[in-house]
Structure formats: structure tokens, C-alpha cells
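Line by line, the protein sequences give chains C and U.
For the first sequence, this note's numbering begins at 1 and goes up steadily by one.
For the second sequence, this note's numbering begins at 1 and goes up steadily by one.
Bear in mind the hints are in silico, worked out from the structure with no lab data behind them.
Small disclaimer: the values here were computed from a predicted structure and weren't measured.
Ideal Cβ placement from N, Cα and C applies to all residues, glycine included.
One or more of the hints may lead you astray.
Over the 10 Å line for every Cβ pair with chain U, so calculated as not near, a few chain C residues [unchecked claim]: (1) D138; (2) R255; (3) L481; (4) D754; (5) P777.
Computed from the model, here is a short list of chain C residues facing chain U with C-beta under 8 Å [what the hints assert, rightly or not]: (6) V258; (7) I326; (8) A342; (9) A774.
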Amino acid sequence: MHGIARSLAGHAGPVWRAVATALGLALGVGCLWAQVRVPLPQVLAEVEQAIAAKRPADAAPLLDLVLGRVAAGEALPGGLTLDRVRLATATVHFQGADYARAQAVAADLVAAGGPTTVVSEGRMILGLALALQEKFVDAVPVFGALEASPAHRDRARLYRALAAQQAGQVDVAIEAYERLLGSAPRDADWADSALVLVSLHLEKKHHEQAARGLALLQGRRDLVDNLAGLNTLSLQLGDALLADGDAEGALAAYRQAVPRAELQRDQAARTLRLDTQIARAQALARGPVAELDAYRRLVGRKERAQAALKEIDALASYDAALYLRIGRAFQERGGAWEAAIAFGEVLSSPADAAERPAAHAGLVRAYADASRFGKTREALDRFAAESPGNPLVVQALYGAALAAQAQGAQTQLLGLLARVDALASGSEYREPLLVLHAQALLAAGQHGEARARMELYRKDYPRGRFEEEAVYLHAMAGLLLGRQQQAVQEIGGYLRTWPDGRFVADAGYRLAAAHYAMEDYAIAIRQTEAWLKNQPPDHPQRGEVLALQGDAWAGEGKLDEAIASYRGALEQALPDDLLGYVLDELTRHHQARREFNEAAAMWEAFARERPDHPFVINAAYWIGRIRVREGRLDEGIARVAEIALRYLGDPARDGVERLLVELAGMLARPPRQSGSGAPAEPVSTEAITARAEALLLPSALEASPTARARVIFLQAEIAALRNATDERAALMDRLAADFSRNALPPGILGRLGDHLLAVGRREEAQACYEQIVATYPASIFADFGYAGLGEVALASGRAQDALVHFGDAIDRAGARFKLREATLGRARSLLALDQLDAAQAIFEQIAANREWRGEATAESVWSLGEILMRRGGRENLAQAQAHFQRVYLSYRKFTPWVARAYLRSAETFVNLGQQPEAMATLREMLRDERLAVRAEAAEAYRRLAEWGATSTGGQGE
Amino acid sequence: MNLHRLTIILLLLMVVGSLGAQQQYHLRDGTILNADDVVVRGVELVETVDSDSVGAVVERTYPLSEAVRLDWPEPEAFELAREALATGRGAEVSALLEPVRAEFVLFAKVPGSWWTAASLLRLRSLLESGASTAAEAAARELIATAIDPEAVGLARLGLAELEVAAGHGDIAAAMVNAILAEEVPAGVHARSWLVRGELALQRGDAEAALEAFLRIPVLYGNRRELLASALDGSRRAYLLARDTGRADRAAAELQRDFPLSPEAARLGTVGSISLPSS
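Could you build all of it, start to finish, from the sequences and the hints given here?
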């Protein structure tokens, strides 16, 4: 427009300026116009003056007058065209806010055509005049046509977008913004437009485009003045995506929003920057600053920024709401640890923040999902304390319980459900929670408690939603309590009440099982037959029922029928534990009937038909054993080797080591007598190990470090069986020296770790154990890793770490091989941590365990004495003395403990004021030659010398 | 968008003009000097004013100490340096940024100078490449020179990181605690969680490590430059906690979102976990 005014002045300039000057006074008198027909050049000169003086309201009637006289036939001065006069007229009307007149003149100009630049200017005025009269629908096509003008393209796109948006033409607006953003320079206006486009995409649920737009803006955050707007859009998009189930996308959106302090800081910095820019614009200004575009734009931006800051300040719990969203998104995405951090952050908000209850509930769930059940309980208790009676508390308890149940964390589940009575009173969740509690108690073997819970349920909810479950669980708990007769009646009652109920099939099976338990084998057989007849052939419990039927037939002593039922069970899909049971039962019955070949053939068929099943290792084990029993040793060795070979190169097949141990036993067996009765020639260890190598290292496997390591392991086992201790140690050292830990399977890593630890190579041992727990946490040998790490930690003085590791060996790995070591390790760790009561309880268990009788017993008895001694007091000391004496009297085989026990016994006597007895004890100790080389002997001499009694029984007393 | 806005835009149309990115010195007395019009000579800014009647050049000089702010767009070298750092080419960073540091070193304490940002980026590259001696010198230079509290805090954290790398966890922990005992900017807090995570890993405390590393994606998710380290730290912490499922997921996320990062590159070579040292 400025250009238009200038161009008008330019055209009129030299000629009309002189006229205007001459008539200056007259032009100032409006009334003269009515009476005097002033020449057009003179009028135009006045127009020029008015425009130059920025008085468009004065110029407008003059130009209307000019247009009227031209329309009446008067000619314009030379050099001036009608289109330019129309443009000037439209411009000044626009400037004077007479948009209707501006529209009319501009429309005439556009309709009449003319030079492109002039028409384009006319279109701009027309479009804007329409928009300012809120005729947005009409303005849209005008700006659309204006896009063809390179000089006005970006502005036209912006105004078309704005007008379309106002006209409710969202699609048009989106298209216009997209075109604008594709071509416009990246500046603050661009950022503003991008924000609007994102909001439109959100309005139209174009989430992908909105996310792209926000990501683009995030990359050019420096251009965005309205940071609060950007934040709000990010939150809106995140909410929309989360509602759509796109948690990942929601997180990406939420991450673009920043917390309030950061937002305030950024916004303040933005304002400061604007102030600087405004100052610079002022410095550069040549004319009145207020009219400079740069100044106006900057001031406008600053105003918007300040408004944004105010908006942010008004949101009291802005951060809490942000983190609550982030927490939910992480929770939906499966990021339980992250969700806990986010919810925890919400809980740092003021106590009256509305988001706190939801955050508490989220935190409980997040901890449960992350298996952090200690924290789950703490969070739940905090929530209950802060918001007693809040229904979300019980809901959180229910959610956490479901999470624990889904993870099979039975102990933790019970810990949570112990709160049901305290927290769930009157809640709708109490009903399912009671059922859940009963299920958990049943699974934990607390059958009486489970039964009591269901009795409570039936009392409180006689027609409850879970009545059927309650009745059935009640009966099952009775059955598991061993009340078979009662269970039979209760299950019968269930079947009568719910003949088509959810548990009918299971009830039939349990009835048969109850009769089997009562040794009513005939009834059990009849009931299993009825079950097999009545239930569909693909029922998942069919295998279980057939196995029970096999048991019942076996109970009746009818092994043919039992074997037939077990074989039938094998044809069904069985869970691994039941499959193992059925295979073992069949093996047992076949062996009892001396049907060795049938048993071996069964396992051979299994290994052939299910080559990848983990029980193939069991198959090899049994085939080897049975063939040896049949006297077919070589055939057994060949079959076991053949199966072992399949997996020899795969370190993840941890059962191979069990086979190798079996194979070592077979290979190391002394040869049978020859037919003549003469003793067989003994076979050298070298010959056996060569045979092992030949069996297990065909050329194809020579390149496999795992296979080679396994052959060495086999040779080490053979050496151990032949009591060749040094040779075994040398082979284990070879495993340590020649093989990467990555190549070694967990079974070898565990034994290698133990070997290295025993010879004092602690760090190398630790690496073996770490490799097990990091790479094979689910291996049957995982307890080697955990227990080994416990030993290393304990030896390094880190008793607390050791306690965790030993606990993991038992709780995580199931301690298949290292239960004694792990149990002893826990007790030792507790003793080292001075937790005497806990240590005592475990040492007592160990000392009482007949299966572990041996060195573990000696150590436990000694440790129990040690605990009593630490407690002090005459009575404890007397009891401690009894323990130490028991060690050196009853466990003389275990010299390290005997030596320690003598020393402690002497100390105890001293503490009891019985120094002569103490000295006698030490003398007795020194008479035992086995102890002479031990450090305790030197200590005994030192003490005797200290007490003034250098002569000992062993040395001439 | 409303009529008020349309009116403003209309007014904007009336005058053409925009201000391009400029390089300027702002002096204490309000004078603004375009960088193109002056040269730095010794401790002065020298502006050529005109030639006198006999053709001799007339110069006006300003002490450098009069400069109170620089208004300079970010040098292009930064983008390249950031990319190099993010893609494991940290060795290139120093070469890219030395010219920037040299250009701005005389204005190191002047707001708007790019010396501090360049020095920080260089420090990060030295820390990540394990050049501990050079990193320590760079950190100390920043602490002595920079005026931006965030830069000083990050440099102090850099020294703590060096102690972590040297296995001196107790010293590093004390340093981090000392830094955080003061009021520090959010950027320092954010990075301190990475250091605290590493310290927890060294102690074998998986839970504390996870609590530290995962604060980055949760509370500082918009600080992309920290996310790869945080993801990798959480992966190692999950392994320590024997949660291989979540460790694998963190590894997959690292490879998906930061495939060129040094952390992702190292994934292939990780064979075992770090457990409590004996």
C-alpha cells in the first residue's frame, strides 16, 4: 500500500505539485468544492498533499470526486490512468477504515483489469477489506487468486489461510498454511503460522501431521514467541495420541512440553531478546519509529510473549499435570520405572494439588509393574494415609495385585492382599479382591486361609458376582487340605448347582483325583473314563486326566492298563512338568517289568520325534542308563554321544553338561570281565579321553570353541571320577586359559568359576559367575552364578551384596545345585552383618538337615557357638562352649572347624573365668597332629605362652 | 486469529522492512557497531570512519572492554560439531571449534560470545573420547573464564566425570554433591543425573542407577543430547538388576532412536555386565 501511495505521488509529482502549491489556501477550504469546479490536476495535488501528510480521510472524498468526474466523461491529466486512481482511492478508503467503499473500488479495479501489479494490489485491498468486514468466505478466493502474484504470494497464502480458518474452511486453511510454510522464510511469522497449522491438524485429528509440525517447530524453537502455545499444543497432541493408544507418539509430544520454571525462563529470555531487538529498531529508525514495520512487529511479539507468560503463571499445577501425563504415557508404553519417576515428581507438588491421588495410584501400579513390591506396598500405604477413603486407593491395590498375579509374584501378591481388610471395606473392589486373595492363598499352599476367605466371601456376598468361583475355590481348598471326603461332597454340590458351570470339567477331574487320593482307584478309573467320554477330545485337561487314570490303574496294580493310559497321555499336549512325570512313570514301570528295551525305545522315539525338546537331554540320560543296565554299554555310550553331539556347539543348551557328566561315568566304568573270567585289562585315562574326543569332536565341530570346551570338560569329569585331581585341575586351567567366557555354556562356567575361586583366582571366577547371570539367567545352572558371586562378595568383605546374591541363588535361580552353599552363604552373610537372630535361624536349619550332614553341619554348629559367644552372658557362654566342644568331638574329620572350635572353646573358658580349662583345651588341641600345620596351632602356642604355660601335653607335660 | 490480528497484519503490510541476521558489537554507551565495519586490533575495536583531505585514513577506536554484548548468529561450525559429537566423531570437534574459540576468546566473558558454547562442546568431546588430561584442562579453563552459571556447572561436572572414569567414585560423589548444593541451572541438574547414574552403577546399586538415568527421558526428555547416554546407562542398570527384557528394550530403543551414537555403536561389543567390583 505504501508503494501504491508512493506510485501515485510519483505520477502526479512534478506537474501536480506546483498546482497544489499555488492553490494551497483554496484547497484548505472545503466549502469551495461545492461551488467551484476545480480542475482535476488541482484536486489531485490536494490528494497528494493529504496522502503525504498521512491524512487518508481527507484524500478519500477527493479521489471519489475524481472518480465521479471521470465516470462523467472528464479526462484524467496526462500520465495518470484510471486503474491507478482507483487503486489510490481504494487504498485511502481502506486506510480510513471505510472498508465497504474500499471493497467497492477495489472490486471495480480488479474487474476492469489492467497492469498485473496494480490488479494484484487491488486484490490485496479487496481481500483485506472483505476480511475486515468479516466476509471471510468471499475473501478466500480473492487471496487465492492473489497467490499467483510472486510479490504477494506469501502474504496471500497467509491471509487465505486466516480467512479460510475464520470461514470454517479448515481443509482450505490447512492447505494454504502448508503452502505458505513451504515457501515462506523461517522467521517468527513462519513459526506463528506453523503453530496455527498444528492446531488445525489437531482439530481435524490429523495426528501424524500435527506431530510432524510440532517436531519441526521444536527444531526451530528459537523462532517461537508463544512458547506457552507450543506447550499447550504439545499437551493436546499427546492427549489425543494417548487416547488413540499411541503411547509412544504421546510421549514424543509430551516431551516437547517443558516444565513451568523452564518455560518461564525461556519466555523471559525471549522477552529480553525482543527488548533488544526493539531498541535496535529504534536506533535504526529514520522516521517516526512507531510507524516502522519492524518496530510494530517486534512490539506485537513482545505483547504476545508477555500474555503467554501470564497464561503460564495462571496455571497453578501446570507441572503436576504435565508429569501426570508423562507418567501415564510411560505406563501405557510399558515403562514402569519411568512412570514411577514421573508420578513421584507429581507427588512433589503441593499437598492440595488435584493430580496427587491419580499420581499416587499410578505410582502404586508402576512399582508393581516393575516388580518393586516393597515400594509398591510403601506407596500404597502412603496413599492410604494421605487420602483415607479415596476410592482410588482400593483401585490401586487391585491393579497392583493383578500385576503381581500376572508376574507370578505370589509372596508379594499375598503381601499386598494382606491390606484388603484394612483398605477395601465398603469398596466395590473388595469382592474381586477377596477372590484374588483366596486364589493367592491357595497357590501359596495356605489352603486353610483360602478356605476361610471364601467362607467370608460367601457370608458377605451370598449372591455375589463371584459366587461360583467362591464355592469352587472353597471346595478346592478343602481338597488340598486333604479332606477328600468333604471335597467330594462339596464338588458334587457345585456340580449340582452349576451343571453347566465354568469349572465342570475341572471338577470332574478333581473328583477323580479325590477318589484316587482316598485310594478308591476303581471309582477314580470310572470317573476318568466318564470324563474322557463326556469332554471334547481337544480339551486341554485330557492329558492330565489320562495321566491320573494311569496312576489309578497303577494303584490297582494293572500295569498294562496304566501304561496304556500313560501312553494315551503322551499323545496329548502336556505341560513340561506333566510330560516329564508321565515319561518317568512309564520308564519306572517298564523297568519294573524289566522291559528295558521298551523304555529305551520310548525315549529314543521321543528324541527322534521331538529333537528340539529340552527333554531330549533326559532321553539321552535314560537311554544311556538303561543300555548300561542291559549290559549294552557301548551302545549306550554311542546313543548318548549321538544326542549330545546335536547340541554340543550351542552354549545355550545347558542340559548338555548333565549328559556329559553321565557320559563321563559311562566312559570311566571299569571294563567287564572277559568271557574266560580273567580280569579285564585296565584302560588308561589317556585312552578314555582319546575315545571321548573321537566320539564328540567330529571334524565339523572342531572349529566350535564351545564343543571343544565341552570335550575338555568331559575329560575333566573323567579325571575326577578316576581321582586324577591334578589332571582335572590342569584341564580346568586349560578351559580358563584357552576359551572366551562367551563360548562357555553355563554348566561349565559354574564349575570353572568354582575351580578358580578354590585356587584363589577370584577375579576370573567372578567373570565366570557374571557371565552366567548376565547371559544365562534362566539356565538350570544359574544358581552357580548367583552363589558364586555371593562367595566372591563375602570374601571381599561385602556381606550385604553377598546376602543379595545368595538370596538370588535361591529365590531367582531355584538353587537346583547350590541350595546348601547358598543357604550357608546367607547364614554367613547375616553373621558377618551381625544379624545374629536371622543367622542363627538359618544355621539351625542347616545343622538339622540330615542330607547336608558333613562340613556344613560342622560350620553351622561352630557358627551357632560363635553367635552365642557374641551375645555374651554366662548362660550364653556356657551354651557356646557346648557347641564348640560338639564340633571338636563330633566332627573331627573337618579339621579347619575343629581347630577353630578349640580356639573358641579356650576363649570361652577364659571368659567364664576358667583359665586352667582353657589351657587344657589348647594343649589337647596341640596334641592333634593334623592341626599342627594350621595357623590356629601357632595361635594356641602364642596364647599358652602368654598365659605362662609354654609346656604342652604334646611336648612332654 | 481475529480481526485485531488481521488489522495488525494489515498495518504490517503498509511498510516493507525486515531486519536480517547481523553481527554486532554493543558498547557500554549504547553504540552498536557492525562487525563488518570494524576490526579487532590488539585490545581495541577499530572503525574506519573516512579519509581526510589529504587521503589519510581516519579511524575511531573503542576499547574491547567497552563491549557489553555481542549479537552474533550461531557460527555454522556448531551444527557440524554437534553432529560429529552425536555420531561418535568427537575427534573432529576440536578442529571445528578452535577457530570459533579463537575468534571469540577476547570476548569470552561478554554475553553473546560463542566462546563458552564452543569450549563446552569441546570439553564434552574430550570427555567422551577419554582424553582426560586435555578434558581436565578444558574444564578448568571454562570454570576460570565462563560467566554463564550453566557452563561453569557443566565444567565442574566434567571434572566429576573424570573422577568417575578413574574409578574414584567417592571423590566424584562428593564433587557432585558440592555442585548440587548450590543453586544450579536445569541443564546442570539434568547432566548430573547421568553422573549419579554412573556412580550408582559403580557401587552396584542398580535401583539407584535406574532412578538416576531414567530421570533424563522422564524429566528432561527435550534434552536430546543426553538421551543416548541415559538410555545406555539404563540398559546397563537393567542388566545389573538382571532384567534382561528391559535391558534389551533399552538397547533396541537406543539403536532405533540414536543409531549413529557412540553408545549404539558400543552395543555390539558389549559382552558382559558390570557387577559390583570386588
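Cross-check of the supplied hints:
no. : hint : result
1   : D138 : holds, 14 Å
2   : R255 : violated, 3 Å
3   : L481 : holds, 37 Å
4   : D754 : holds, 16 Å
5   : P777 : violated, 6 Å
6   : V258 : holds, 6 Å
7   : I326 : holds, 6 Å
8   : A342 : holds, 5 Å
9   : A774 : holds, 4 Å
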